[in-house]
Amino acid sequence: MQRFYTCLAEQHDPALLALAVVICAVGAHTSFVLLRAAQTAAARRWRWVALTALATGTGAWSTHFVAMLAFAPGLPADHGAGLTLASLALVVLVCGFAFQLALSGRGWREWAGGVLAGLGITAMHYAGMAGYHLVGVLLWEKRLLTLSIALGILLPMLAVWLALRQPRPLPRLLAAALLLLGICALHFLGMAALIILPEPGGAPLAAAASADWLAAAVAAASGILLLLSLAAAALSRRAHRRERQAEQKLRSLADAAVEGLLLCEEGRITGSNRSLQGLLGRADEWFTGQRLEALLPPGQTLPAALAAEGRAEAEFLAASGEIIPVELVTRPLLHHARSQQAVAVRDLRDRRRAEARIRFLAQHDPLTGLHNRAGFGLELERALALHGRSGQGFALLALDLDRFKWTNDTMGHQVGDALLVKVAARLRAAVHATDVVGRPGGDEFAVLQLDTSQPEAATALAQRCIELLSRPFIVQGQVLNIGASVGIALYPQDGTDIATLARNADLALYRAKSEGRGTHRFFEAEMDTRMQRRRMLEVELRSALALRQFHLEYQPLLGLDGDTVTGFEALIRWAHPERGLISPAEFIPLAEETGLIIPIGEWVLREACREAAGWQEPATIAVNLSPLQVHSPGIVEAVRGACAAAGLDPHRLELEVTETALLTDTDHSFGTLRALKALGVRISMDDFGTGYSSLSHLRRFPFDKIKIDRSFVADLGENADSAAIVGAVIVLGKSLGMLTTVEGVETAGQLAHVRARGCDQVQGFLVGRPMAADAARTLLARRQAA
Amino acid sequence: MAEPLYRLLYRSKVAILGTTEEVRAEVAAILAGARRHNAAAGLTGALLHEGATFTQVLEGELPALEEAYDRISADLRHTEFELMQFALVPERGFGGEALAFLAPAELDAAGLAAPGDAADAANGVLRRMAAILGRQQAAPG
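Going down the list, the sequences are from chains A and B. When the letters of the first sequence are read in order and numbered with the numbering used here, they come out as residues 1 to 786. When the letters of the second sequence are read in order and numbered with the numbering used here, they come out as residues 1 to 141.
To be clear, the hints were calculated from the coordinates, so they are not data collected in a lab. Check the hints yourself; a few may be wrong.
[As the list claims (entries may be wrong)] Here are the simulated EDC-like cross-link-like pairs (lysine to aspartate or glutamate), alpha carbons at most 16 angstroms apart as the crow flies: (1) A/Lys705 - A/Glu656; (2) A/Lys422 - B/Asp120; (3) A/Lys422 - B/Asp75; (4) A/Lys734 - A/Glu538; (5) A/Lys422 - B/Glu67.
Quantities reported herein were computed from a predicted structural model and do not represent experimental measurements.
With the hints as extra help, turn the sequences into a complete structure.
The structure is reproduced here in structure tokens:
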């Protein structure tokens, strides 16, 4: 160290020494400005490389020789012109190769380029020293020499690497300082390693002439360096401005983007745009330098596409703690001549919300918010999968509102819809949190009860549902009374698949409805067989008319004033080819339900009229009209047509209706009856005494006849009440001008009784069972003959 | 033009399981909740809790009354629910409080359901509730 200090302080001229350092600094800085230009040059990079090499070479060379001029060892010295100039050429060439190598790729090439530049500079120095002659013997101190060479290679290498990796002005200055330090270390440590032993007998050199040409050469080189430096400064300013403009443009473009944008390099974020900052609620500064993993919720790993190229979905963690689903599209990008990734970040929250909404709409009823058929089916499948594994039971309840259709038809759909919403609310109140309520359609509801203590839990639930739905509703100021019936199927005993469970719950519901409504029924296997028979019967009933499987029988009516058969009641019979006679009690309700009663009833009318037209007058024919027929719009025309086709005087036709036909749509029903009566047809009130037996019905319409139900006659003997009722109805009939017929008369005692009360007609086994058409004809003919 | 006023009258049986104390606490909670709702919805009325029977009259404008009724009628803490009257009324008969709580001192015979049709029965109940309310208000404290 002492040696180094002595060398600098005592053997150098300070002014020239300072000049040497300045030249070196200018050369180093100019070199890296030009190197940056070479790095970013799109085309003809070699020109920039050549200029860079020229700047580095002349800088180092001038430094060396100005420093040599400053060196005054106290002995005359001389520089060999050949080696001096050769050393300049050497350093420029080697640096040229070095920079070309360093710019050709990352990693080892950068290091190798740096080392090569250092070698070139070192070689220049010692080539120069080789041309240095003075009167004396030059000796080298080994340690300092080694240090000089090592630093002369290492420091330029570091400088080149830094300049290439960190192209901003400040690191560039640092790189220039490193290069400066390297060149100075090389030179001055090398000079300190030099030991000069004076040679007393040596010839004197032409010292002055030697210094002159060297000074001129150095001045020329420095001039070149100065020019290069000025050009580099201008270039640097321009490049800087351009870079800033480009950056600004890129930034405003990025900030204008609706999507979030991330710029990253080797797993670290180098930039973000405003959208992304807004999305994650973080400032720009937070992003820069952050690892990409910092964007994710804790514990999640980076999708492969985020690091390389492609598309992926991921979740980002916002500053608020919200986890935001995002779509990432990554593209490689060349930015500042370095390969980076641009990642477009698309907020998927809206899409996810829309998807969830669509899924909800697809599985729910928009009116009530309950699961619709599809959604309820999914819930059932889930329950089946879950409970199928564990073997635990659950219950499926099918609910049907009892008077909903009537409400909907008479009060309008708006009221009906509002009512359904309130029904849904009450069902939600009736079930537990684990149960699922659905509305498969119309006024059908369903509950999936995930409770293993069956059948008790299902019974209690059904009762809660029925209780709540039986309470009156108030809808838009109107009090509405509906009610509900419930059918229950249990898993696994009543079915192990959805279709079977649903069908069996429906069968149980059907039973609940047919057994009085407002109640619940569990599925029983027997319901299934009955239902199957019913379904088969329905199919066969549809074809029975075409296959002429129906025929009529005729039951005589006895007029009590002359004890003569005054007419017959036509009764339908179905002779099934395989099952034999099927009871009307079995198929008539089915025909009513399916609407088949209309064509069948018409056939009965025509057939009965045709048969009666063949009878001698004034024998009458009585035909039953079902409630559905009374309400059907074509009934008056059908009756007229039947009489006309048969040529039967309408006065001989009696139509029997029950009170049931008058209960719904009463005004219209009475209108129909009046129109029928206007044809000349007579109208009888059938089965009077059962059901409502409303006197207002008798008051509202002038029935021709009241038929007293057979149930009163059966216990005439024992039951005083029955006798009183029969008597009262007969009196009532007389006072209203209506005939009375007593049905079901089987004994002579019964006949005597009703005769004594003043009854007009009787019907029953005592008078005659229903008989075939020819038997009826014979009976009438006998009467005529008598 | 004031909105039309409606009156709702129903009767039901308490279906709260528990000791007398627990039932009383639950009824108190129901009462407090109902008063809060009613005050917010502009409803007034009275609740008579007598043995196992609730009788409640509520008056107000239709939307609020219908909403309150939806809540009451979907409640499983009472049973044997019987809607006795729902009708337009010219003015409030129980306009004093959001929900007055009536505790009859004795069963006065005049109030027990007199023979007659539903409207008579409802009117009888209303008269009796009004009488109890009047007596309570007259009593000091």
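Status of the hints after comparison with the structure:
Straight-line distance between C-alpha atoms of A/Lys705 and A/Glu656 comes to about 9 angstroms, which keeps the hinted pair within the 16 angstroms bound. With a CA separation close to 29 angstroms, the supplied pair A/Lys422 and B/Asp120 exceeds the 16 angstroms bound. With a C-alpha separation of about 13 angstroms, the suggested pair A/Lys422 and B/Asp75 falls inside the 16 angstroms cut-off, and the hint holds. About 43 angstroms separates the Cα atoms of A/Lys734 and A/Glu538, which puts this hinted pair outside 16 angstroms; it is violated.
With a C-alpha separation of about 10 angstroms, the suggested pair A/Lys422 and B/Glu67 falls inside the 16 angstroms cut-off, and the hint holds.
Consistency note: the structure conflicts with the earlier hints numbered 2 and 4.
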